[in-house]
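Student: Below, each chain spelled out in residue letters.
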Amino acid sequence: MTEAARTPMDPADEVPLAPSGRDLFSKFVPLIAERQALLDTGVRDPFSLVMEKVHSPTRATINGKETILLGTYNYMGMTFDPDVVAAGKQALEDYGSGTTGSRVLNGTYQGHKECEEALKAYYGTRHAMVFSTGYQANLGLMSTIAGKEDYIILDADSHASIYDGCALGNAQIVRFRHNNVEDLEKRLRRLPTEGGRLVVLEGVYSMLGDIAPLKEMVAVAKRHRAMVAVDEAHGMGFFGTHGRGVFEEAGVEDDVDFVIGTFSKSVGTVGGFIVSNHPKFEVMRLVCRPYVFTASLPPSVVATAATSIRKLMHATEKRAHLWKNSKRLHDGLRQLGFDLATPEAQSAIIAILLPDQQITVTMWQALLEQGLYVNMARPPATPAGMYLLRCSLCADHSDEQVGQILGMFAAAGRATGVIS
Amino acid sequence: MTDREETFAKVAELIEPFNKKDIELAESTTFAGDLEWDSLTVMDFVAAIEDEFDILITMNMQAEIESVGQLVDAVEELRSEG
Numbered sequence: 011m012t013e014a015a016r017t018p019m020d021p022a023d024e025v026p027l028a029p030s031g032r033d034l035f036s037k038f039v040p041l042i043a044e045r046q047a048l049l050d051t052g053v054r055d056p057f058s059l060v061m062e063k064v065h066s067p068t069r070a071t072i073n074g075k076e077t078i079l080l081g082t083y084n085y086m087g088m089t090f091d092p093d094v095v096a097a098g099k100q101a102l103e104d105y106g107s108g109t110t111g112s113r114v115l116n117g118t119y120q121g122h123k124e125c126e127e128a129l130k131a132y133y134g135t136r137h138a139m140v141f142s143t144g145y146q147a148n149l150g151l152m153s154t155i156a157g158k159e160d161y162i163i164l165d166a167d168s169h170a171s172i173y174d175g176c177a178l179g180n181a182q183i184v185r186f187r188h189n190n191v192e193d194l195e196k197r198l199r200r201l202p203t204e205g206g207r208l209v210v211l212e213g214v215y216s217m218l219g220d221i222a223p224l225k226e227m228v229a230v231a232k233r234h235r236a237m238v239a240v241d242e243a244h245g246m247g248f249f250g251t252h253g254r255g256v257f258e259e260a261g262v263e264d265d266v267d268f269v270i271g272t273f274s275k276s277v278g279t280v281g282g283f284i285v286s287n288h289p290k291f292e293v294m295r296l297v298c299r300p301y302v303f304t305a306s307l308p309p310s311v312v313a314t315a316a317t318s319i320r321k322l323m324h325a326t327e328k329r330a331h332l333w334k335n336s337k338r339l340h341d342g343l344r345q346l347g348f349d350l351a352t353p354e355a356q357s358a359i360i361a362i363l364l365p366d367q368q369i370t371v372t373m374w375q376a377l378l379e380q381g382l383y384v385n386m387a388r389p390p391a392t393p394a395g396m397y398l399l400r401c402s403l404c405a406d407h408s409d410e411q412v413g414q415i416l417g418m419f420a421a422a423g424r425a426t427g428v429i430s
Numbered sequence: 150m151t152d153r154e155e156t157f158a159k160v161a162e163l164i165e166p167f168n169k170k171d172i173e174l175a176e177s178t179t180f181a182g183d184l185e186w187d188s189l190t191v192m193d194f195v196a197a198i199e200d201e202f203d204i205l206i207t208m209n210m211q212a213e214i215e216s217v218g219q220l221v222d223a224v225e226e227l228r229s230e231g
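Chains as they are written, first to last, in the working numbering: chain Z, 11 to 430; chain A, 150 to 231.
Calculated from the structure, these hints are not laboratory results.
There may be inaccurate statements among the hints.
Short, incomplete list of chain A residues facing chain Z, as computed with Cβ under 7 Å [as the list claims (entries may be wrong)]:
(1) M192
(2) A196
(3) L205
(4) M208
(5) N209
(6) Q219
Virtual Cβ for every residue (Gly too), placed ideally from N, Cα, C.
Please work from the sequences and hints to get the whole structure.
Tutor: In structure tokens:
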């Protein structure tokens, strides 16, 4: 169903490019006005911050000030790992700065194959396919495998890349209420018997940091003869015995047909992937447009990814420390009186709920001025029109840093009146 | 009441909790223009309609439905299929 523009547009704001033409940017006038009104109150723009220097996975210089990073998705702190950096430097020397080509033409180097081998070893799957971003991996899977007669059943709070993959393809799209097993089952039951079915889930939902009840959901999907894809972008590295993700911890590995992931979070670089045991999976390399019609990742990137993935297999201590940090931050913020999105730390994302945009930006700025960077999130990225400050922890945050972080939240929360 | 009138009445009843501006409902009332619904409201309302009539309204179909009358027609058609 079509939805409303946020505010009616003033035709006087239109800037015609040609005598009779309509300025195509006039549809953004309400957003431009809203942003300007916010900036006019004297706050900094949370969406145009520059990291002047980055010292480690947890420290950067922003606006000339040394700042603790608490909103980077750099969960396992691999970005400055000496082995990872060395592998990247060596690949840059040996293979040059870029491939200048598609994976299916001149863009598959030894490093891309080694990266896929590392993923197969990490996930214990027969197939692994590396994409240029996680976004493209989702675009590729949704748009390629489900055709016009098929159904994709997805969680209403799915990531933009899942929705965009659906929009790129021709499948029939059905939504169910977020994390609601009964709602999923009702919709599966109503599907016509003809047509294929793909249920798309995420291990961790990144806005609120809540996890999906995958054990129940995957069981329902399988009972209704659906294939299952799970996006583990925010779960890879620290859920499950091997760090594969929430689906591993839920014990549903045998029933998940596709796992989608990214290198831009726990792995610490950029890129995306799909792993699968489907016997025909390799045909994707020929038919998946977001894989074929773009250049492959630079050699240095796949070298850092492969090295990082192999190290993550044995990162037991880091995993334990990350969980300790997440639980401590959640407990500490709750005790300070902040309203948190989940009753306990379910992942390495801790989201603080705030009443409106103004107070959210004010609080965000107060934290930054003290030397703490967190993410601000607002509709439409957030569910149910929420305004959030989102913290993502890193295995490299020291106990001392977590203490400092809590101190800064206490001060900023009191200064802005968010807590008493 | 005919079946269609009954469906219209039921749809109108389900619109009410989301009809914040108390817009009078007619066949031609539009969800975006008249009711000024955002995407979150649309999502909640569609789920309510689906559950009431035990049907599925895919996002592909939703994109084509602009008015209350069009929704009633779609519900009628989907019910006859099921």
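Student: Each hint should be assessed against the structure and marked as holding or not.
Tutor: These are the hints, each one checked on the structure:
1. Because the smallest distance between the Cβ of M192 (chain A) and any Cβ of chain Z comes to about 6 Å, under 7 Å, the interface hint for this residue holds.
2. About 6 Å separates the beta-carbon of A196 (chain A) from the nearest beta-carbon of chain Z, less than 7 Å, and the hint is met.
3. Contact between L205 (chain A) and chain Z, as hinted, is supported at the beta carbon level, the nearest pair being about 5 Å apart and thus within 7 Å.
4. Restraint check, M208 (chain A) versus chain Z: the minimum CB separation of about 4 Å is within 7 Å; hint holds.
5. Hint on N209 (chain A) holds. Least Cβ distance to chain Z is approximately 6 Å, under the 7 Å limit.
6. At its closest, the beta carbon of Q219 (chain A) sits 9 Å from a beta carbon of chain Z; the interface hint therefore is violated under the 7 Å criterion.
Checked against the numbered hints above, the structure violates only hint 6.
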